[in-house]
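Colleague: Listed here are the chains, written in short residue letters.
2 protein chains.
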Amino acid sequence: MRAFICGFGTIGQSVARVIKEKQDFFSKRYGETLTLVGALDSKTYISDPNGLDADAIIKAKKETGKVGNKDYKDIKDALESVDFEILIEVTSTNIETGGAGLENIRYALENGKDVVTANKGPLALKFKELTDLADKHDRYLLFEGTVGGAMPIINLNKYDLAGQKIKSIRGIFNGTCNYILTKMDDGQPFEQALKEAQQQGYAETDPTNDVEGYDSACKVVILANSIFGRNATLDDVEITGITSINSDAVALAQNNGMVIRLIGEVSPTKLEVAPRLIPRGHPLSLPGTLNTAEIITEYAGPITVSGVGAGGLETASAILSDIIDIMDERIGD
Amino acid sequence: MRAFICGFGTIGQSVARVIKEKQDFFSKRYGETLTLVGALDSKTYISDPNGLDADAIIKAKKETGKVGNKDYKDIKDALESVDFEILIEVTSTNIETGGAGLENIRYALENGKDVVTANKGPLALKFKELTDLADKHDRYLLFEGTVGGAMPIINLNKYDLAGQKIKSIRGIFNGTCNYILTKMDDGQPFEQALKEAQQQGYAETDPTNDVEGYDSACKVVILANSIFGRNATLDDVEITGITSINSDAVALAQNNGMVIRLIGEVSPTKLEVAPRLIPRGHPLSLPGTLNTAEIITEYAGPITVSGVGAGGLETASAILSDIIDIMDERIGD
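So the sequences go chain by chain: Z and D.
Each residue of the first sequence is one higher than the one before, counting from 29 in the numbering used here.
Each residue of the second sequence is one higher than the one before, counting from 29 in the numbering used here.
Bound-form chain Z, shown alone:
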């Protein structure tokens, strides 16, 4: 099979590297491999039906800022330059319009490609349209990487908890906020904790999407739609961020043996992101940049999972599990 990567930042480059490293694994499991035949960034693309060398295009991107030597205006020009079966959509998230990612996913599904994405915007805004489109064209649209980075949660529910009703999911879905709240618990004021998160590369220059809770809300929407079968969008989520938390609130929590965490909550009737008081030692009191989720199940009680919530290779690992899922179905394992 053949893959085209849309978006060639940290995640795209990591996916290219992982596909290269897993050539033997694919050959052994399927009797054929997965060939990377195309890659694009926001302005340029490169494609070759005989396959691209991941190291070479990563090097080019790092040295010149461009993945390829051909410019494109219409995404069609890039995606029609070569035949392929799987589109890997990892352009940067835009939660206002869905951005290029929304167009790329639509184009791919309409043209018979399976899609794997880690791009939250399109799914948080147009979940039903996109999954309907996938169904109509009998294609897969898989998105484990959109929630919690490396932390398995979509597929955990699909496979490991198959057949069970899920009563609710509560989790820490934004590592940046959790880093800031952990620092505040250590005595830093919000502004200083945010600054440190920015210096560490955890928070963007404009941290609005993280600290106002929008990023967590996107994940809540994706879980609500994919696991609870709802038809929600970002507008349906009650969102409170962490910007109004001050030292007094943190001290009050501490005096009661609690910590403050930004918790996303999904159930058949609830869609909410808000700071919560969590008892110290509870799984949802996890410090640092990890993501975690507590899944309340019909038969198994609470199942808790945690993992690194962001990062190139970590997100690529979620994408790899989705690629394998598609190849298992298309080729047979």
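Note that these hints are calculated values from the structure, not bench results.
If you're wondering where the values come from, they're calculated on a predicted model, not measured in any experiment.
Think of the CB as a built atom: it goes at the ideal place given N, C-alpha and C, for glycine as much as any other residue.
Mixed in with the good hints there might be a few duds.
[To be verified] No more than 30 Å apart at the CA atoms, straight line, and that leaves these computed lysine-lysine pairs for DSSO-like:
no., chain 1, residue 1, chain 2, residue 2
1, Z, K186, D, K48
2, Z, K186, Z, K298
3, D, K71, Z, K195
[As the list claims (entries may be wrong)] Some chain D residues judged to face chain Z by a derived CB distance under 7 Å, without partners named:
no., residue
4, K50
5, N183
6, D188
7, I324
8, A328
9, G335
10, G340
11, S345
We have chain Z already, so just place chain D on it with the hints.
Modeller: Coordinates of chain D only, in the frame set by chain Z:
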């Protein structure tokens, strides 16, 4: 499809109940259902090609101690009394000989049945023989319920972390020991903590398998064989239990911000069960009867999962996910 349950204690009864409750789910997913056509306990059996009523046989078992009105001496008599496709093997674990479970699994695989089991003994002693037998007869042998009860771990590695090399797994695999160690951390001596665990129903009258680490070692062997492709048996595990831990050791740990936990550890080169010092707040410092595992992956760093490690319905939930796995493959989802 049709199922036969071997072993009708807490787990067997829970499985019967779950199969009954999931009739609509099966019909919707497969266009056909899963019919329970047989059940046996250590002495009696009952079977009916038209299906058994779970409530009726659970009631009979509770009132008379017998699941059925027919005695059997040879397992063949019971299993040949009715046609079925899936054997659910949940007789009690025997880690010395494999017990009835080993015979039942062998018989089923040789006679063309798929097998789902939560019975650790046969897999800890004869993993290679049984998986080879399953391969030879082109049957499934699935065993999510053998490790960590409701906590997904075998399938988590198979599906969610597909394609990645697993570097190591460390975990709390025995809720009884963890309960005792938690109580000791609260100031109780070992003997009193054990007695309380027995009163709560967490520990058996003879607690040897738990407190000497053999139960944890069984799980370590099953993980080593199924996830790391090793060919290990119980004899290959270095085992130290918790019976020699005294108040001094607990106090020393506390003075250093640590707790003592019985940790099972598996890697390509290591097979060990031993009490370890774990920093308070670390995922492996979890208190109470939960099980937890920290999986160190190639790309995703540490993935941690926890869940209820024992109990009828909790184990039945792991068995349900394996049943669905088989029905997906045999019928198609």
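Colleague: Now tell me if each hint is right for this structure.
Modeller: Going through the hints against the structure:
1. For the proposed pair K186/Z and K48/D, the alpha carbon gap of about 21 Å is at most 30 Å, so the pair holds.
2. At most 30 Å may separate the alpha-carbon atoms for a hinted pair to count; K186/Z and K298/Z meet this at roughly 21 Å.
3. Among the hinted pairs, K71/D with K195/Z is inconsistent with the structure: their alpha-carbon atoms are about 39 Å apart, more than 30 Å.
4. Hint on K50/D holds. Least Cβ distance to chain Z is approximately 6 Å, under the 7 Å limit.
5. Proximity of N183/D to chain Z holds as hinted, the smallest CB-CB distance being about 5 Å (cut-off 7 Å).
6. Interface restraint check: D188/D against chain Z, minimum CB-CB distance 4 Å, threshold 7 Å, status holds.
7. Hint status for I324/D relative to chain Z: violated, with the closest Cβ pair at about 11 Å, above 7 Å.
8. Given the 7 Å rule on beta carbons, the hint for A328/D holds: about 3 Å separates it from the nearest Cβ of chain Z.
9. Hint status for G335/D relative to chain Z: holds, with the closest Cβ pair at about 4 Å, below 7 Å.
10. For G340/D, the interface hint is violated, since its Cβ never comes within 7 Å of a Cβ in chain Z; the closest pair sits about 9 Å apart.
11. With a least beta-carbon distance of about 4 Å to chain Z, the hint placing S345/D at the interface is held under the 7 Å criterion.
Checked against the numbered hints given earlier, this structure breaks hints 3, 7, 10; the rest are met.
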